[in-house]
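Protein chains in written order, with my numbering: chain A, 1 to 242; chain B, 243 to 814.
One or more hints might be untrue.
What the hints assert, rightly or not - As a list, the in silico PhoX-like pairs of lysine-lysine whose alpha-carbon atoms are at most 25 Å apart:
(1) 807(B) x 13(A)
(2) 199(A) x 174(A)
(3) 661(B) x 13(A)
(4) 496(B) x 661(B)
(5) 174(A) x 114(A)
(6) 30(A) x 126(A)
(7) 305(B) x 496(B)
(8) 807(B) x 14(A)
(9) 30(A) x 174(A)
Keep in mind the hints are simulated off the structure, nothing from the lab.
Keep in mind that this is a model prediction, so the values were computed, not measured.
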Amino acid sequence: MISLRGVSKTYDKKGVRAVDNLNMDIADGKITGFIGPNGAGKTTTLKIITGILEPDEGTVTIDGLDMRTQPLEAKKRFGFVADSPDSFLRLKGLEYLHFCASIYGVDPAVEKSKIADMAQRFDMQKALSDKISNYSHGMRQKIMVMGALLHDPNVWILDEPLTGLDPKAAFELKEMMREHAAAGRSVLFSTHVLEVAEKLCDQVIIINKGRIIFLGTLDMLREQYPAQENLEDIFLELISHA
Amino acid sequence: MRKMWALTRVLLKSGAAQGYGMTVGASTKKKNPVMTAVLYIVILVCLIPYFTMAFTSGLNITKALHPLGQDQVVLEFIFLAGSLMTLVFGISFILSIFYLSTDIQTLLPLPLRSEEIVLGKLIVTWLYEVFTSGLLLLPILIGHGIGARWSVLQWLLGALTFFFLPLMPLAVAGIFSMFVMFLLRGRASRGMVMGISTIFLLAVVMLFSSAGGYMGSMSEMTGDNAIAEMLQNLAGSVIGKYGKLIPLLGPMTKAVSQPSILWLLVVIAGNLVCVGVFCLAARVLYLPGVLSMKESGGRSRAMTAAQQEKMLRRSSPFGACLAKEWRTLMRSPVFFMNTAMIGLIWPVFFLLPLIFSALTGDGESLFSLLGRAMYFLSEPEAAPIVVLIIFGVTVFGAGLCMVAGTAMSREGRSYTFMKCIPVSYRTQLSAKLAVGVGISAFSTAGYGLIAMIYLVIRGLSPAAIPIALLLSLAMNVLVGCVNLFLDLAFPKLNWENEMVAVKQHFIPIIGMLISFVVGGLLCAAYGILVIGVGMNYIVVGLVLGLVLAALAAGAYFLVMAFGQKRLSQLED
Ligand SMILES: Nc1ncnc2c1ncn2[C@@H]1O[C@H](COP(=O)(O)OP(=O)(O)OP(=O)(O)O)[C@@H](O)[C@H]1O
Ligand SMILES: [Mg+2]
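With these hints in hand, go ahead and build the complete structure from the sequences.
Structure (structure tokens):
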């Protein structure tokens, strides 16, 4: 459960607002797609939710825990996969995962079985003993996903997670997102690929120029725009009006 | 050609300027103008003593040599020093800028010819070198010009010659580096290239230290004509020996001292020829070398169960952060060599002159000197001196250790990770501090302890050990906190190339100066009270140690409080 209330953020103090008065509730048990054109404010919003940026105004709560007043408790509730996976290049894959497990206080037995399980799904067993600097883009993406899921977070946040993944890995990741939501937890991810959003999401948030212009299920969206044939047309229509 | 100029402009304006350390400190958008101004003023103030010294020596030596008609020796020296420095530094620079910086990934796919890429990069490096060698050598040149009563034309020619000075050595360094990388094609990995470039840096250090030794032996000559004699000697031997390496040394000197526009034209023509050869070499050598670079060696294989078991041992969040910090530092050749290595291997540098002198024959006296020093220091009465020496070494070693002073900058853009994990900033910063202080304490108090144990066995009063350790450890913590504070205040986070975080970062140098000043004052206080006034060294050491410890504790709380606030506000 993620809640944003009146969240605004300006990068340089005089400039335009990168996100402007966002209000949203992302309920458990659902996959929520976050879509919008380049520069709409998706990454900014996700960074605010995860505590990387401080909002100028407004509050963010994760599972009812306020990011400002109880940051550590709140941060334990989510796992975050950032848009550029080029971090910790000097660590070996397994060292990185162990680092994540340690900072989230994961039980060693659980840690071992989860690593084995996910490594198998992502076909990463051999790569774990190698340094992340030797990984391909997709492999880096996979190891970051694994690190974010080790502690079984209630909320899972991903910024454009599917870029660079091979078809099998993309399928596995989508499967994992579905499982996550089916277990009654929430998934929030940003994407540009409308087909993915269409197939995967229970609800979508469309953002443009820092403002939410639609929040609801895809069926609701189609009802609102009966004239348009498919999601792409609806999206283009929405953006052009904003 | 047009493309090349466009590229140069872009390189200058964007990453390159930052890459070459032209911008200082914070990469955050909201730069605090007051802090930036203060920073520049501090740097300037720190450099003033050097500027005055260089200026007056240029002036005085010129005046001393003027009657002998030998004053162009100073010019020769400036041009020679500038050339050699640029040549050797240039190799390590060029390797990192031509082969390691990530903008290559963006440039290679563009419709640019390889010589356009490297020429653009060469020009940017050249301008940067003009700036750095200007900082070092211009004060001497100006002093010389005033001493030699230069005409307007000479000033103009001097400036132009100085401007062209680094170009040829850089082009030669570029040809050399491209040739080496061409030979290594298919085998060179990034780590290896960094290693090579560091070896050249160490070569510079050795060069300077042996030059220092040479000067030292020269300065033993006394008498009225000592300086003149020394300079004649310098002119005869050093310039005679190395001057041949720099074919343009004669023309450059003549252009300014005669003065002669014709010789300047020769200088410019020589440089252009060199750049031409550089471009031809680039056409053949650059692409094969840069395209075949590997990320790093090694291949993946599945781990045995035992290896996994060992790696997955349970650790606390603090322990995990500590391990991560340690590994990222130790596994990056750039980080390790530029921050920690000097602290860890300085005894080797200390021993090298001994070994050299032993090899060259006059080692007898040095060894017996050392033996006598050890004998003297193991006397019970020598305890105050031993404490002072250990503390002095600490001031020096802790100042030189750049681990805490780059702890934040080493994170780079991944620092955002620090903000979204459920580990308090205090814990994360403590881990950074622990690694920094640990390494600097090992390189000072650690070596000191070994030396003292040896001396105690030989008769030194054991009371010296706790006093020296207290002073040394407290100083290490204090310096570490100051450095971490400065790096938090002005981190360099927006880098593509690890070099930027450690080498092109002015802040740790300020931390070093602060530690030298504070440490120097404390050394002086100790010296005056114990050796001058004759107070008991245990009392003085204890009091000073407790004062230092209190300062260190204060600095720790300050840096933690500041760090928490700073990290929560830090944005990219
Ligand atoms: N570090 C920054 N400094 C200044 N402005 C920024 C910064 N990062 C983003 N912005 C601005 O904030 C706005 C939103 O950017 P954001 O990165 O959130 O977009 P996005 O929706 O993630 O785009 P994309 O689809 O391209 O990833 C843009 O106008 C951008 O120019
Ligand atoms: Mg984005």
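The hints, checked one at a time:
For the given pair, residue 807(B) sits about 19 Å from residue 13(A) by alpha-carbon distance, which is consistent with the 25 Å threshold. Under the criterion of a C-alpha separation no larger than 25 Å, the hint pairing residue 199(A) with residue 174(A) is consistent with the structure, at around 10 Å. With a CA separation close to 22 Å, the supplied pair residue 661(B) and residue 13(A) stays within the 25 Å bound. Restraint check for residue 496(B) and residue 661(B): the C-alpha separation of about 60 Å exceeds 25 Å, so the hint is violated.
Distance restraint check for residue 174(A) and residue 114(A): the Cα-Cα separation of roughly 18 Å lies within the 25 Å cut-off, and the hinted pair is therefore satisfied. With a C-alpha separation of about 33 Å, the suggested pairing of residue 30(A) with residue 126(A) is violated against the 25 Å cut-off. A threshold of 25 Å between alpha carbons decides the hint, and for residue 305(B) with residue 496(B) the separation of about 19 Å falls inside it, so the pair holds. For the suggested pair residue 807(B) and residue 14(A), the alpha carbons sit about 23 Å apart, so the restraint of at most 25 Å is met.
At most 25 Å may separate the alpha-carbon atoms for a hinted pair to count; residue 30(A) and residue 174(A) meet this at roughly 13 Å.
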